[in-house]
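S.K.: Here's the letter readout for the chains.
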Amino acid sequence: MTRRPRHFPGGIHPDQHKAESNATPIATMPLLPRYVVPLRQHIGTAARACVEVGERVLRGQPVGLAEGYVSTGAHAPTSGTVVAVEARAVPHPSGLFDTCVVIDADGEDRAVEFQPLAWRELDPSALRNRVRELGLAGLGGAVFPSYIKLNPAPQPIHTLIVNGAECEPWITCDDRLMRERAPEIVEGIAVMRHALGCATVLIGVEDNKPEAITALRAAVAAAGADFEVIALPTRYPSGGGKQITYLLTGVETPTGGRSTDVGIQVFNVGTAYALQRAVTRGEPLISRVVTVTGHVARPGNFETRIGTPINDLLAAAGGALAGASGEIVGGPLMGFALMDLAAPVTKAVNCVIVKNPSQFPPRPVDLPCIRCGACARACPAGLQPFEMYWYSRARDFGRAQGYDLFDCIECGACAYVCPSHIPLVDYFRHAKSEIWEREREKSNADQARQRHEFKTFRLEREKREKAEKFAKAAEQTKAAANAVETGADPEAERKKAILHAALERAKKAKETVTPKNTDNLPPAIQGEIAEIEARRRAAGLADTPEKTGNDTP
Amino acid sequence: MLEAILVMAGIALVLGGVLGWAAIRYRVEEDPLVEKIDAILPQTQCGQCGFPGCKPYAEAIAKGEADINQCPPGGEDGVRRLAELLGVEPKPLGEGLEPKPRAIAVIDENLCIGCTLCIQACPVDAIMGAAKQMHTIIADQCTGCELCLPPCPVDCIHMEVVKEDVASWKWRYPVHMMKRVA
Amino acid sequence: MNGSPHSLAIGNSVNAIMIKVLLALIPGIAAHAWFFGPGIWVSLLLCTAFAFMLEVLLLLLRGFPLKPFLTDGSVLVTAWLLALALPTLAPWWIYAVGAIFAVVIAKHLYGGLGQNLFNPAMVAYAVLIVGFPTYMTQWPAPVALALHPVGPWEAFDLVLSGKGSISPDAYTSATVLDTWKTQARLGVPASEIVSHPAFGHVGGFGHEWVALGYLTGGLLLMAARVVTWHIPVAFLGAVALTTGALHLADPVHYAPPLLHLAAGGTMLGAFFIATDPVTAASTPRGKLIYAALAGFLVVVIRVWGNFPDGIAFAILLANVCVPFIDDYTQPRVFGHARRKTGPGDQT
Chain A
1 MTRRPRHFPG
11 GIHPDQHKAE
21 SNATPIATMP
31 LLPRYVVPLR
41 QHIGTAARAC
51 VEVGERVLRG
61 QPVGLAEGYV
71 STGAHAPTSG
81 TVVAVEARAV
91 PHPSGLFDTC
101 VVIDADGEDR
111 AVEFQPLAWR
121 ELDPSALRNR
131 VRELGLAGLG
141 GAVFPSYIKL
151 NPAPQPIHTL
161 IVNGAECEPW
171 ITCDDRLMRE
181 RAPEIVEGIA
191 VMRHALGCAT
201 VLIGVEDNKP
211 EAITALRAAV
221 AAAGADFEVI
231 ALPTRYPSGG
241 GKQITYLLTG
251 VETPTGGRST
261 DVGIQVFNVG
271 TAYALQRAVT
281 RGEPLISRVV
291 TVTGHVARPG
301 NFETRIGTPI
311 NDLLAAAGGA
321 LAGASGEIVG
331 GPLMGFALMD
341 LAAPVTKAVN
351 CVIVKNPSQF
361 PPRPVDLPCI
371 RCGACARACP
381 AGLQPFEMYW
391 YSRARDFGRA
401 QGYDLFDCIE
411 CGACAYVCPS
421 HIPLVDYFRH
431 AKSEIWERER
441 EKSNADQARQ
451 RHEFKTFRLE
461 REKREKAEKF
471 AKAAEQTKAA
481 ANAVETGADP
491 EAERKKAILH
501 AALERAKKAK
511 ETVTPKNTDN
521 LPPAIQGEIA
531 EIEARRRAAG
541 LADTPEKTGN
551 DTP
Chain B
1001 MLEAILVMAG
1011 IALVLGGVLG
1021 WAAIRYRVEE
1031 DPLVEKIDAI
1041 LPQTQCGQCG
1051 FPGCKPYAEA
1061 IAKGEADINQ
1071 CPPGGEDGVR
1081 RLAELLGVEP
1091 KPLGEGLEPK
1101 PRAIAVIDEN
1111 LCIGCTLCIQ
1121 ACPVDAIMGA
1131 AKQMHTIIAD
1141 QCTGCELCLP
1151 PCPVDCIHME
1161 VVKEDVASWK
1171 WRYPVHMMKR
1181 VA
Chain C
2001 MNGSPHSLAI
2011 GNSVNAIMIK
2021 VLLALIPGIA
2031 AHAWFFGPGI
2041 WVSLLLCTAF
2051 AFMLEVLLLL
2061 LRGFPLKPFL
2071 TDGSVLVTAW
2081 LLALALPTLA
2091 PWWIYAVGAI
2101 FAVVIAKHLY
2111 GGLGQNLFNP
2121 AMVAYAVLIV
2131 GFPTYMTQWP
2141 APVALALHPV
2151 GPWEAFDLVL
2161 SGKGSISPDA
2171 YTSATVLDTW
2181 KTQARLGVPA
2191 SEIVSHPAFG
2201 HVGGFGHEWV
2211 ALGYLTGGLL
2221 LMAARVVTWH
2231 IPVAFLGAVA
2241 LTTGALHLAD
2251 PVHYAPPLLH
2261 LAAGGTMLGA
2271 FFIATDPVTA
2281 ASTPRGKLIY
2291 AALAGFLVVV
2301 IRVWGNFPDG
2311 IAFAILLANV
2321 CVPFIDDYTQ
2331 PRVFGHARRK
2341 TGPGDQT
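Quick note, the sequences are listed as chains A, B and C, same order.
The C-terminal position of the first sequence is numbered 553 in this note's numbering, with every residue numbered one higher than the one before it.
The C-terminal position of the second sequence is numbered 1182 in this note's numbering, with every residue numbered one higher than the one before it.
The C-terminal position of the third sequence is numbered 2347 in this note's numbering, with every residue numbered one higher than the one before it.
It is possible that part of the hints are untrue.
Claimed, not checked - Derived pair list, reagent style SDA-like, types lysine to any residue, alpha-carbon separation capped at 25 Å:
1) C/2181 x C/2307
2) B/1132 x A/501
3) B/1091 x B/1077
4) A/442 x B/1130
5) C/2181 x C/2170
6) A/442 x B/1001
7) A/466 x B/1130
8) A/432 x A/97
9) B/1170 x A/532
10) C/2181 x C/2251
These are computed hints drawn from the structure, not numbers from a lab.
Turn these sequences into a full structure, and let the hints steer you where they fit.
M.R.: Listed below in C-alpha cells is the structure:
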C-alpha cells in the first residue's frame, strides 16, 4: 500500500536549478588552518564556552556546553589551539557578530576517543542525554536541539516523518546525501524510532529526486524496515514542516502548535544521518554536507566541518566567477544575504549560492499593492498576505495579527509571485519582531510594576511596624511613670532614665543620619572611602575627588 | 397630526428599548483610567516626570494635573499611545526630556563598599547585597532608572547601553523603494 | 533590504498584467470598429491622451516618480475601459470630463494606484450619465443600418467640433436595451420588438458581436490566470438567472436572458470591470457574493430603473460593499479549526 500525498493550499513552482550541483558526488573539504565555531548555532540559548584561549583541543572535544533546556553543545572540528573566544562574523541576516571559539588547526586532526553507543540496548532517556552532549540539532534549517525532539513526552508520537523534500531551488545537499548514504540515513531513522517509540515511519521526498527515492527504498528493503518512502509532487514549500505533515498524513498542525501536538514528529534526513554517526560512532556533530552552487567554477556538495569559513568553502568550489553579485546562505526563497565571507559554516548552513545579476537580478522597484490576490493563491498557509501587508506597512500590528500573521511560515511564496514586487516577507518579519518586542516590553513593565508595588508595600510595612514598636515602648514608659507616681520605685526610675536616654540617642541619630551624604558617615566608612578613592585614582578612574557628577550637590 | 406623533413616539420607544438593551447586553467592563494610563507607562519608576514613580504620574495625568509628554523612557511612542487613550493630540516630549537608548546599571565590584544606599534607592529591588557585602545588579530586573547613581558614595555604578546582539536583533521596517521624489 | 526571497517569478509584474488586459480587449474593440465604424478609434485616442496627461500632472503634483507609475500600464487600462464604456462620436469634452473624474477624482484623490475604493472608469461613466444624459444615450447606429455612416475624418470632425454638419439622427439609434424599455412600456409585444432589424440575433445588431469579442478576450484573460473564474461566472450567472426567472414569469414584458447577456456592457463589465482587483472583493467566496450582487443590481436597474443600462451603478454599489464582504468571507487558515465569521473574530 502506498499513500497518495495530499494537496496543501497554495505553493509555487520556481525554476529548480538542481542540476548545477547534484551531478557530482559529495566531496570532502581539505583540512583548513583555522576554524571559527560559533556558540549560538541552534535555536535557544547559546552554548557556554568551556575552553580558554591557549588551550589545546582535540577533534570532537566540546568547546561549548549546552546552557539551559533549549540548547546544545558545540565541538572542536579538528585538533589545535584555541586562539580566541570573541565576537566574530557569523552567518546571520543581521550581519552582527556573535561569540565564537576560534581554533588554529595543528594539522594532526587528532580526535578524542569516540564512544559508540549500543543504541538498541540503551534506554531512550540515556540516548537523548548523549544526543544533547553530542550537539545534535535539526539540519533542515530550523536547528532545533534534536534531543528535545526525540522525547516522546509530554505527547506520545505515533508517526515519524522524515523530511527529504528539499523543496528549495538550487539546494541539493539532502539529495546527494540520500543517494550516497541511504543505509546510514535508514539506520539513523531506526534510532529515532527507538527513541520516540512510534509505530509509523514515513519518508517524504519530492519526485524531482528519483535517484534518492530509489536509493532510500533499496536501503529500507535491505534493512528489512517497514518505513515507507513516498514521492511528493514537486511544489514549493512541500518541505515545510506543516506542509509535509499534511502531505503525508492529511493532518493539519494546529495553529500556534507543533506537529507533536497531533502525535507527529518531523526530522530532516540530514539529521537522521548525523544521528546515525553520533550513535554508531559516538562522533559529535562536527561536519555536515553543504551545497555550493550558482556562479562558482565547480558547483557541488561538500562534506564541510562546522566552523569552516565560507570563504574557504567557496574556494573549494573553484571560487566565485567574475561578475558575482553577492552570496545567499540557504535557498533563494528563504535564505539571507551573507554580509561577511569570513562567517563560518554552522549547523544551519545547508547551502551557499553565489549570485550573478542574470540569475538573481536586483529586486525591481516596488509598486503599490493592487490586491490581485496572487499572494493569497500562493500562500501555503491559506493566509491573505495582502491584508497582512496593508496593516504591517501601516504599523498597525494588532490588525496584522488579526489576519493570523503568526501562521505565516515566511516561505516567500507570496513575495515570489507578487506582481508589484513588494518584499512581503520582510514586512511580516518586521511585524512579528515588533509584536514580540512589545510583548517583551510589556512583561518587563509588568514585572517592574509588581516589584515596585511590593517595595512600596514593604517600606510602608516597616514604617508601620516601627511606629507600633515605638508606641508600645511609650506605653511602657507611661506605665513606669505611673508606677513612680504611685510608689516611687527606684528600679522603675532607673529603667525610665535608661529609656529616656535611649530615646534621646535615637532622636539624635535620626537627626544626624542624612543619607546620600558622604560627610556624615561614620569614621570607619570614611576611611574605606578614602582608601577606595585612592584605588580609583591609582586605576585612573577618577582624576580628582571633586569629580562627583553623580553625587547629590 | 395625532397619528404622526404616535408613530414618532412609537419609533422612539422601540429604538430606545433596543439601545438600552444593547447597552446592557454588550456592556464592557472598563478599567479605571489610572490603570489604563499606568499600563502604557514603561514602569521604569525613574521619576523623570517629576513624580515619585509611574503610578503617581498616571494619577496626575488622570486628574489633569500633568501633561502626557513628561515620560522620556516611554518615548514618542508612549506619548502617542497616551494621546490615543485620552483622545488628545500627541505632542513632542517636554523641554529637556530626551529619550535615551535603553541602558542598565552596572556595579563595579572592585569599588563597591557595600553601603546599601543603592539598594534603598532602587525602586524595583533589582540590587542584591547586604551591608558590607558587595552588591550586584540583577540585569533582567533593572529598568535603567539611574536612581541608584546619585546615592553611591564611591561612584561605583555606571550605566551601560544595552547593545543589540544576534538574539535581540529585530527585522527592520523594509526600505520602501517607491519614494516620493520631493 | 536583506530579506528573502532572492528570486522572483520571471516576467511577472503589474505592467505585464495590464498589458494582458489591454490585449484581451482587442477582439471586442475590433468588433466594435467593424460594426460601428471608426468612432471607437477616436474615443480611444482621446481618452488615452487625456488620461495620460492627467496622470502625469497628478504624479508630478503628488511628488511621485513618473517612470514606474506611467509604465505600470494602469492608466491605459482605465482610459481604454472608459473609452469603451462611453458612446463613440460624443463631443471631445465628454471624454475629457470622463478622464478627469476617472483619473483625478476616482484614482488619485483616493490615493492613487491600488487605493481607490471605486472603479475609476465607472465613476466617470456614472457622473457623465447623470450630468449629460443626452450625449450619453446617443449611441451610433451600426454602420450597416445607419442613414449616414460616419467615415474616419468625419468622426474626428464630429468629436472635435462637438457638433458636426450632420444631425445626430443620421448616425445614431437607440440601443436594444433602450428600445426594449421604451417599447415594452408602450405595450409593444416582444415578438414585434425582436423582429426589428436593429435587434440582430440575440442582443442587438453589432452589439452582440462586440459582446462576443469581450467574451473571447475575457476567456483568454482567465486562461492567462489574470482573473479567476469567480467574478465573471457569478456576475453572468446572476444576470442570467434573474432575467431568466423574470422572462419565464412574463415573456411579453421581460427580455430573454440572452439579450441581457449580449446587450449593453454586460460582457465588458463581467470580464474587465467587475474584475478590477483593486475595487473587487478578494476572497474566493467574497468574489462570488460581490459579483452576484453586482449582476443582480444590473438587472434591477435595467428592468425597473430609469437608466437603460446599469453596469456602472451596479458595480459602484457592489464596490461599496467590498470591505464588508471581505471581512465576512475570510477563508479558513491552514491549521485553524474553523473559518472566521467576521472582523470581530480578528483579535
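S.K.: Each hint needs a verdict: does it hold in this structure or not?
M.R.: Going through the hints against the structure:
{"no.": "1", "hint": "C/2181 x C/2307", "result": "9 Å, holds"}
{"no.": "2", "hint": "B/1132 x A/501", "result": "29 Å, violated"}
{"no.": "3", "hint": "B/1091 x B/1077", "result": "11 Å, holds"}
{"no.": "4", "hint": "A/442 x B/1130", "result": "30 Å, violated"}
{"no.": "5", "hint": "C/2181 x C/2170", "result": "22 Å, holds"}
{"no.": "6", "hint": "A/442 x B/1001", "result": "62 Å, violated"}
{"no.": "7", "hint": "A/466 x B/1130", "result": "21 Å, holds"}
{"no.": "8", "hint": "A/432 x A/97", "result": "23 Å, holds"}
{"no.": "9", "hint": "B/1170 x A/532", "result": "42 Å, violated"}
{"no.": "10", "hint": "C/2181 x C/2251", "result": "14 Å, holds"}
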